[in-house]
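*Asks:* Full structure from sequences and hints, please.
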Amino acid sequence: MVSTKRKDYIPLVMWFCLFAGILAIAFIRSHRAIGVWGQAPFNWDIVFIGLYLLWMVIEFRVTKRDVTTEGKKTSDFATCQLYGTGQALTFLTAIWFPSAWKVPNPAHLVGLLVFISGACYRLWAIQTLGPFYSHRVRITARHKIVDTGPYRFTRHPAYAGMIIANTGVCGYFFNWVTVCVFLLFLLPMIIVRIVFEERTLFGIDGYAAFAKNRKRLFPAIW
Numbered sequence: 005m006v007s008t009k010r011k012d013y014i015p016l017v018m019w020f021c022l023f024a025g026i027l028a029i030a031f032i033r034s035h036r037a038i039g040v041w042g043q044a045p046f047n048w049d050i051v052f053i054g055l056y057l058l059w060m061v062i063e064f065r066v067t068k069r070d071v072t073t074e075g076k077k078t079s080d081f082a083t084c085q086l087y088g089t090g091q092a093l094t095f096l097t098a099i100w101f102p103s104a105w106k107v108p109n110p111a112h113l114v115g116l117l118v119f120i121s122g123a124c125y126r127l128w129a130i131q132t133l134g135p136f137y138s139h140r141v142r143i144t145a146r147h148k149i150v151d152t153g154p155y156r157f158t159r160h161p162a163y164a165g166m167i168i169a170n171t172g173v174c175g176y177f178f179n180w181v182t183v184c185v186f187l188l189f190l191l192p193m194i195i196v197r198i199v200f201e202e203r204t205l206f207g208i209d210g211y212a213a214f215a216k217n218r219k220r221l222f223p224a225i226w
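Numbering-wise, this note's numbering comes out as the position in the sequence shown, counting from 1, plus 4.
Misleading hints may appear alongside valid ones.
[Claimed, not checked] Here are the simulated SDA-like pairs of lysine to any residue, each with C-alpha atoms no more than 20 Å apart in a straight line: (1) 219 - 179; (2) 68 - 32; (3) 148 - 128; (4) 216 - 226; (5) 106 - 153; (6) 106 - 68; (7) 216 - 156; (8) 216 - 118; (9) 216 - 155; (10) 68 - 85.
[To be verified] Quick list of simulated restraints, FRET-style, between CB atoms: (11) 101 - 43: 19 to 25 Å; (12) 203 - 69: 35 to 41 Å; (13) 43 - 195: 26 to 32 Å; (14) 153 - 41: 32 to 38 Å; (15) 16 - 213: 32 to 38 Å.
It should be emphasised that the hints constitute simulated quantities derived from the structure, not laboratory data. For glycine and all other residues, C-beta sits at the position ideal for the given N, C-alpha and C.
*Replies:* What follows is the structure in structure tokens.
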């Protein structure tokens, strides 16, 4: 078991850095002549960025709780930091680099709806898991298997929601830098994190039976 007193603050620090970074880049973006919404009556980038920040604020309670939560058994091996970095870079590059879309088009609507669907699915998973959900890989003395809500279908719906939400980010703000960060950094880190996480989860009574008939992320895929 690894001491986690200092590590427990890392997700909190990363949250504040990402939030501040989004605000800073959004301000810079608003003063750049990107042109996508120049002739439109409303800038939907503002809506998207606002919804992303709202998503972060809703999840902040989990990040804050992780600082003092009891009964940690940590086997992250830095996957928490790398996973968080991948998430941050995906969105920061999305709003920093110019989009391949030069005018409003259906990809903006589809990307926005996919993002909202993914974020809501992830929040549903977090709400279902309740006090057992953590950004750290850990178990508590009273840990139990939850098989309701989205956990009826897969073992890691919160990660699935993260993938879906960031697919929406890539589609809406489409640029190749963001797509590469998502596919080559964030997505692999989610997979690696699941592998490490399940090393701990399979130590919980009943998890093997729970996992037997459920895929990790998406039914019939993986």
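*Asks:* Would the pair residue 68 and residue 32 pass a check requiring their Cα atoms to be no farther apart than 20 Å?
*Replies:* violated, 29 Å
*Asks:* Run the distance test for residue 216 versus residue 156: straight-line Cα separation, threshold 20 Å.
*Replies:* holds, 12 Å
*Asks:* Is residue 219 close enough to residue 179, meaning Cα to Cα at most 20 Å?
*Replies:* violated, 31 Å
*Asks:* Check the hint pairing residue 106 with residue 68 against an upper bound of 20 Å on the C-alpha distance.
*Replies:* violated, 39 Å
*Asks:* Range first: 32 to 38 Å. Now tell me if the beta carbons of residue 16 and residue 213 are that far apart.
*Replies:* holds, 35 Å
*Asks:* Are the Cα positions of residue 68 and residue 85 separated by 20 Å at most?
*Replies:* Holds - the C-alpha atoms of residue 85 and residue 68 are around 16 Å apart, at most 20 Å.
*Asks:* With a cut-off of 20 Å on the C-alpha distance, tell me whether residue 148 and residue 128 pass.
*Replies:* holds, 18 Å
*Asks:* May I ask you to test the hint 35 to 41 Å on the CB atoms belonging to residue 203 and residue 69?
*Replies:* Taking Cβ atoms as reference, residue 203 and residue 69 lie about 23 Å apart, which means the hint is violated.
*Asks:* Can the restraint linking residue 216 and residue 226 be considered satisfied, given a maximum Cα separation of 20 Å?
*Replies:* holds, 12 Å
*Asks:* When you take the CB atoms of residue 43 and residue 195, is the distance between them in 26 to 32 Å?
*Replies:* violated, 41 Å
*Asks:* What's the verdict on residue 216 and residue 118, does the C-alpha distance respect the 20 Å limit or exceed it?
*Replies:* violated, 29 Å
*Asks:* Has the given pair, residue 106 with residue 153, been kept, meaning a C-alpha gap of at most 20 Å?
*Replies:* violated, 40 Å
In the structure shown, a violation is registered for the earlier hints numbered 1, 2, 5, 6, 8, 12, 13, in ascending order.
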